[in-house]
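Let the sequences and hints guide you as you build the complete structure.
Spelled out, the chains give:
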Amino acid sequence: MKIENNMGKIGLIIAREYLTRVKKKSFIILTILGPIFMAILTILPAILANETQRKMNVMVVDDNDFFINKFTDTENTTYTYRSGNIDQIKSEAFNNNYDVVLHILKGTQSLNSNLYYEEPPTLDFTSEVEDQINKLLFDQILIDSFRIQPEQFSVIKELTRVSIRSIQIDEHGSEKEKSAEISSILGMIFGFLIYIFILLYAGQVLRSVLEEKSNRIVEVLISTVKPMQLMMGKIIGVAMVGLTQFAIWVVFTFLIIAGFGLAAPELFTDPQTIEQVANIDSENINPEAIEQQLLESETIFTQIDQYFNVSFSTLIFCFLFYFIIGYLIYAALYAAVGSAADNETDSQQFTLPVTAPLLLTLIMLVPMAENPNGSLAIWMSMIPLTSPIAMLIRLPNGVPAEQLILSMVIAVLFFIFAAWLAARIYRVGILMYGKKITYRDILRWIKIK
Amino acid sequence: MKLIEVQNITKKYANHTALKNVTFSIETGTIFGLLGPNGAGKTSLIRILNQISYPDEGQILFNGHILSPKDVESVGYLPEERGLYKKMKVGEEALYLAQLKGVPKRTALERLHYMFRKFEIESWWDKKVEELSKGMQQKVQFITTIIHKPSLLILDEPFSGFDPINTNIIKEEIIKLKEQGTTIILSTHNMTSVEEICNDIVLINKSQKVLEGNVAQLRQQYKTHQFNVEIDKTNIEIPENFGFKILAQKEEYNRTLLTLQLTTEYNSNQLLTQLMPYGNITNFQEILPSMNEIFIQAVNENRK
Chain E
3 MKIENNMGKI
13 GLIIAREYLT
23 RVKKKSFIIL
33 TILGPIFMAI
43 LTILPAILAN
53 ETQRKMNVMV
63 VDDNDFFINK
73 FTDTENTTYT
83 YRSGNIDQIK
93 SEAFNNNYDV
103 VLHILKGTQS
113 LNSNLYYEEP
123 PTLDFTSEVE
133 DQINKLLFDQ
143 ILIDSFRIQP
153 EQFSVIKELT
163 RVSIRSIQID
173 EHGSEKEKSA
183 EISSILGMIF
193 GFLIYIFILL
203 YAGQVLRSVL
213 EEKSNRIVEV
223 LISTVKPMQL
233 MMGKIIGVAM
243 VGLTQFAIWV
253 VFTFLIIAGF
263 GLAAPELFTD
273 PQTIEQVANI
283 DSENINPEAI
293 EQQLLESETI
303 FTQIDQYFNV
313 SFSTLIFCFL
323 FYFIIGYLIY
333 AALYAAVGSA
343 ADNETDSQQF
353 TLPVTAPLLL
363 TLIMLVPMAE
373 NPNGSLAIWM
383 SMIPLTSPIA
393 MLIRLPNGVP
403 AEQLILSMVI
413 AVLFFIFAAW
423 LAARIYRVGI
433 LMYGKKITYR
443 DILRWIKIK
Chain V
432 MKLIEVQNIT
442 KKYANHTALK
452 NVTFSIETGT
462 IFGLLGPNGA
472 GKTSLIRILN
482 QISYPDEGQI
492 LFNGHILSPK
502 DVESVGYLPE
512 ERGLYKKMKV
522 GEEALYLAQL
532 KGVPKRTALE
542 RLHYMFRKFE
552 IESWWDKKVE
562 ELSKGMQQKV
572 QFITTIIHKP
582 SLLILDEPFS
592 GFDPINTNII
602 KEEIIKLKEQ
612 GTTIILSTHN
622 MTSVEEICND
632 IVLINKSQKV
642 LEGNVAQLRQ
652 QYKTHQFNVE
662 IDKTNIEIPE
672 NFGFKILAQK
682 EEYNRTLLTL
692 QLTTEYNSNQ
702 LLTQLMPYGN
712 ITNFQEILPS
722 MNEIFIQAVN
732 ENRK
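Chains E and V, in that order, are what the protein sequence lines are.
In this note's numbering, each residue carries its 1-based index in the first sequence increased by 2.
In this note's numbering, each residue carries its 1-based index in the second sequence increased by 431.
Bear in mind the hints are in silico, worked out from the structure with no lab data behind them.
Please note that the accuracy of each hint is not assured.
Claimed, not checked - List time: in silico DSBU-like cross-link candidates among lysine-lysine, alpha-carbon distance up to 30 Å:
no., chain 1, residue 1, chain 2, residue 2
1, E, K26, V, K536
2, V, K517, V, K565
3, V, K580, V, K433
4, V, K654, V, K501
5, V, K637, E, K25
6, E, K437, E, K228
7, E, K27, V, K565
8, E, K27, V, K518
9, V, K518, E, K228
10, V, K559, E, K27
11, V, K681, E, K228
12, E, K438, V, K517
13, E, K437, E, K449
14, V, K565, V, K520
15, V, K637, V, K443
16, E, K437, V, K443
17, V, K517, V, K451
18, V, K637, E, K438
Here it is in structure tokens:
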């Protein structure tokens with residue numbers, strides 16, 4: 003009966019913490035904007051990359067007469083040549099549907115050129131023009147100064163090409179080709195997500211504890227519920243807000259991207275496969291074939307399984323595990339900090355030691371991602387205050403099972419310790435008003451029976 | 432019958448002792464004044480009664496049994512430092528606090544709506560707490576304190592922050608609750624209200640109990656045999672050889688006002704007969720010490 007009652011009260015606290023936050027305008031706005039932002043981040047590069055498809059008519063005016071008839075037309079770009087007064091050519095060109103006018107100024111060593119346009123060309127176009135100019139000049143120098151034909155040069159270059167494939171051999175002797183780059187990027191993304199989540203939501207626990215303390219409502223509350231219940235209710239309630247937001251983000255981001263994927267599939271498949279599909283039925287693209295393609299691209303999960311040394315399900319499980327345990331550890335510590343401080347400015351002296359390991363991990367993000375099995379990454383993935391981020395960075399590259407399990411066990415044990423410690427500080431701290439609290443005070447609170 | 436028995440409570444903190452061997456009891460259905468200067472240990476005692484903290488020594492009996500966690504639902508507590516969640520809606524917040532005190536949602540809603548109507552704050556139900564004035568917030572907080580019909584109500588400075596009209600509303604409500612059988616602990620520095628509504632008091636100073644008892648009885652006990660006398664004549668000269676001393680004498684509207692100190696071997700009737708020859712006595716009243724004076728006297732005696 004009593005236990006039921008206490009559970010009911012924790013439930014009430016969780017519900018209040020959850021509902022007041024979820025109903026807040028800032029939560030709703032952030033929850034809606036998050037996926038849109040994420041989707042834009044994903045789709046925008048695809049759209050931008052796609053813009054190269056635009057057909058460009060280029061009028062080339064070369065004062066050196068060197069480039070005349072030398073540019074190579076591409077699928078989307080055609081070059082026409084004129085010489086004469088640049089201003090006159092410009093106005094004529096734009097009247098005659100030319101997109102840009104490329105004016106190469108007179109010069110010997112380094113060449114200056116101006117690109118005139120009415121609508122800005124894509125970056126890809128500009129760099130293509132630049133590449134062509136450079137190549138033409140380079141080839142000319144090869145011929146003039148080194149007496150080498152450009153074709154010969156290409157042959158030499160082809161002969162000396164080296165490529166490195168990285169293949170890892172696991173303990174069973176089977177080989178696995180992996181992409182270290184994708185692994186470390188994925189690791190960094192996961193690590194960063196956890197960092198953001200901890201900072202956002204554990205920080206909310208701190209502010210919420212501070213609010214109750216400076217409001218003095220805490221005195222009424224703990225005359226009804228145990229401080230431990232209040233603290234845990236708060237931590238769990240805020241965690242559920244975070245998970246809700248995260249779940250909405252994931253689902254909506256996926257839906258938006260998938261929606262775009264269906265509406266404009268060419269954005270998400272590389273040109274080669276599009277060509278292949280186009281070859282099947284070049285006149286009109288067969289929707290079934292596109293669907294097939296999308297299905298294939300969904301096997302990215304199996305690709306991940308292939309690329310990385312952990313299965314996709316392990317990766318997701320570990321992500322959720324460290325996501326939650328990392329939040330719980332920091333939320334407990336932040337709750338203790340909030341209880342010890344009297345106001346937000348006051349809290350900063352205590353937040354620093356708690357936030358420092360978090361910041362340190364963030365600073366070490368790139369070095370760890372670059373060398374995921376180095377001793378720095380291994381140690382940081384064991385220390386419980388840094389492991390939630392560090393382990394996720396290492397994981398896509400493969401982590402020995404015993405290290406993973408050890409790290410998880412340490413994290414869980416440390417959480418129990420942190421919760422115990424936080425509860426001891428919290429129960430005394432929340433009733434201390436108007437006093438400047440020192441670390442010595444906090445040590446004494448911990449010792450009080 | 433006793434609702435609360437505080438038995439030999441001692442509470443120590445790192446640097447000081449907040450309560451030292453304090454013992455007293457509170458009768459069911461009375462208003463009990465918990466008095467003492469700032470820092471005397473009242474808050475420590477209130478927190479122990481609320482089970483926010485626990486005594487190092489001694490125990491508290493509640494309704495005859497040792498105070499236990501389930502008793503928190505029988506206690507209503509209005510702390511001196513008021514506080515509500517500022518961003519919550521008034522109604523939601525009151526409902527939350529009522530539910531935390533173990534009132535089922537439906538009952539809580541019924542009672543809240545009734546109380547909100549009674550205190551004329553029904554229209555604030557959907558307003559945010561931060562939109563209310565301080566006095567309005569106090570009303571809301573008072574309601575949430577009594578919503579679960581506690582058998583023990585602990586009020587720490589309940590009148591501070593209220594205007595005279597609202598003070599009266601709250602005072603009447605407190606008296607009504609007492610009549611319904613609620614036991615009320617009133618911790619306050621407002622001695623007038625103690626005289627007005629408290630049955631018994633305990634005075635704590637420097638962690639120790641220095642005085643306890645019934646308010647009327649204490650005032651008798653502390654009386655100093657002084658009298659105010661009004662005679663309808665002026666220019667009278669009374670010799671001080673009748674067993675009393677004149678502490679003050681002044682004239683107003685053809686009357687003489689006297690404050691007299693009677694020595695203990697005489698009584699008031701003897702004093703009256705002594706005074707009658709000087710004129711008609713239009714007022715004769717014994718001066719009883721105010722709780723304020725008793726408070727100051729007891730604290731000062733304790734200091735010696």
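Going down the list of hints, with the structure as the test:
{"no.": "1", "hint": "K26/E to K536/V", "verdict": "23 Å, holds"}
{"no.": "2", "hint": "K517/V to K565/V", "verdict": "11 Å, holds"}
{"no.": "3", "hint": "K580/V to K433/V", "verdict": "19 Å, holds"}
{"no.": "4", "hint": "K654/V to K501/V", "verdict": "44 Å, violated"}
{"no.": "5", "hint": "K637/V to K25/E", "verdict": "48 Å, violated"}
{"no.": "6", "hint": "K437/E to K228/E", "verdict": "23 Å, holds"}
{"no.": "7", "hint": "K27/E to K565/V", "verdict": "26 Å, holds"}
{"no.": "8", "hint": "K27/E to K518/V", "verdict": "12 Å, holds"}
{"no.": "9", "hint": "K518/V to K228/E", "verdict": "23 Å, holds"}
{"no.": "10", "hint": "K559/V to K27/E", "verdict": "14 Å, holds"}
{"no.": "11", "hint": "K681/V to K228/E", "verdict": "63 Å, violated"}
{"no.": "12", "hint": "K438/E to K517/V", "verdict": "25 Å, holds"}
{"no.": "13", "hint": "K437/E to K449/E", "verdict": "19 Å, holds"}
{"no.": "14", "hint": "K565/V to K520/V", "verdict": "15 Å, holds"}
{"no.": "15", "hint": "K637/V to K443/V", "verdict": "13 Å, holds"}
{"no.": "16", "hint": "K437/E to K443/V", "verdict": "18 Å, holds"}
{"no.": "17", "hint": "K517/V to K451/V", "verdict": "38 Å, violated"}
{"no.": "18", "hint": "K637/V to K438/E", "verdict": "24 Å, holds"}
The structure shown violates the earlier hints numbered 4, 5, 11 and 17.
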